[in-house]
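Single-letter residue listing:
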Amino acid sequence: MNDSENQTQFIEEQPMLQQEKSVTAIPTPPIDSLIPEKKQFPIKKVFVFGGGVCLLLFILVLMVMGKGKNSLKITEPSPSPKTTQQLSDFQKSLQLFHTDVERADPTVNDLPYPPVNTNLYIIQR
Amino acid sequence: MKKRYIIFLIILFYSAGFLRITQAQTEPPIAPPQLEISKQQYIQSLDVYREKEQKFLISREQYNQLQTLASLEEVVRTSKDVQLARMDTLTAYFNTLLLSIQNLKGAEITKKANQGQLLQTALVEIERQRNTILTSNDRVTLDKTSANYDDKQGAFSSIAYSSLALIKISNIQSATDQLGVLTGEVYTSIQESSPSATIFAEKQRGYDELARTIETIKMSTKKATQQYDNISGRDLFTQGAYAQIVETLGTGYAKLKQGESFIQELAQ
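The listed protein sequences derive, respectively, from chains V and W. Residue numbering for the first sequence follows the numbering used here, starting at 83 and increasing by one per position. Residue numbering for the second sequence follows the numbering used here, starting at 825 and increasing by one per position.
Please keep in mind that the hints were generated in silico from the structure rather than gathered at the bench. Check the hints yourself; a few may be wrong.
To be verified - Restricting the straight-line Cα-Cα distance to at most 27 angstroms, the calculated cross-link-like pairs of lysine-lysine (DSSO-like) are: (1) V:Lys-174 - W:Lys-1081; (2) V:Lys-174 - W:Lys-1042; (3) W:Lys-929 - W:Lys-1042; (4) W:Lys-929 - V:Lys-174.
One chain only, chain V, in its complex shape:
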């Protein structure tokens, strides 16, 4: 509260530790010189450059896709192709056999006789 009693007092006093700043007038340049000179936008160059980049990327994408396709065709020979082939064939046969065993379950009947009504008379008998 003591500090705020006379708030106008310090306006007239000089700060003790602060050095007096010398105020010098800065010459202001003319407003026109502050605005940068407007360069003409090189639209043609941008389009040519951008188009080139896009075309390059497009070709790259197509090449990658083509490579992916080809990589499926070209396969490195495995160390023992005959053994691998035999094993996969046998595994396939086992899978087929398993499917057939499941289908052969006699207790499962997926085609029971249709549950159609035998009493479809207008005058009931």
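Here the structure of chain V is known, so what remains is to put chain W in place on it, guided by the hints.
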């Protein structure tokens, strides 16, 4: 500038994605098997039948209560609808059975041919009855067509159950044949791999056990085939007869499952 590049890139990647999609679309679709299509058609026709049956039962009830010409007209219409739907359901069902018989792998050719012939006969009879229903437009004739169906219903179900029995027997026969082939393959590969005497002896015991299992399955299938032969052609193939065959095959099927686990063990 940046925005333009981003837009270009987006267009580029979308076009690449589009290319991939069109590539995928040009690949030929895998057609579902004919039998599956037939089963779906049968299920759909059964749904239609149930709906029509419900309508008929309601209109019959109304006719019984009201006894008016309008309610009679309605019940005649719904009776015709439900009887046609019943024939359509049976047609779809017997067509599915015919396809199943034709696709059987383990059945004897003569049995397949005979069963196929029976199914064709049933389909012709159903078509004949359907045509009669189509030309019937009054209470008396429609009740007569309904009685015609009831007379033939036993024969229809007999053909259906004998077909189902043959399918069950053949499926087990086919699986047993496959088990035999696989056993032979495994045994050859064991011999080729020239294992130690102990391992070979162990595998040999497994092979012998598997051979005995196959014999048991064959015996069970033979018994079921005899039951099938005894009934078909002589008597009506009832649901009970079919259940008996299923029971006989049950023993063989349990052995077949055991054989499957044996072959997997032997192959390891």
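Outcome of the hint check:
no.	hint	result
1	V:Lys-174 - W:Lys-1081	holds, 18 angstroms
2	V:Lys-174 - W:Lys-1042	holds, 24 angstroms
3	W:Lys-929 - W:Lys-1042	holds, 16 angstroms
4	W:Lys-929 - V:Lys-174	holds, 18 angstroms
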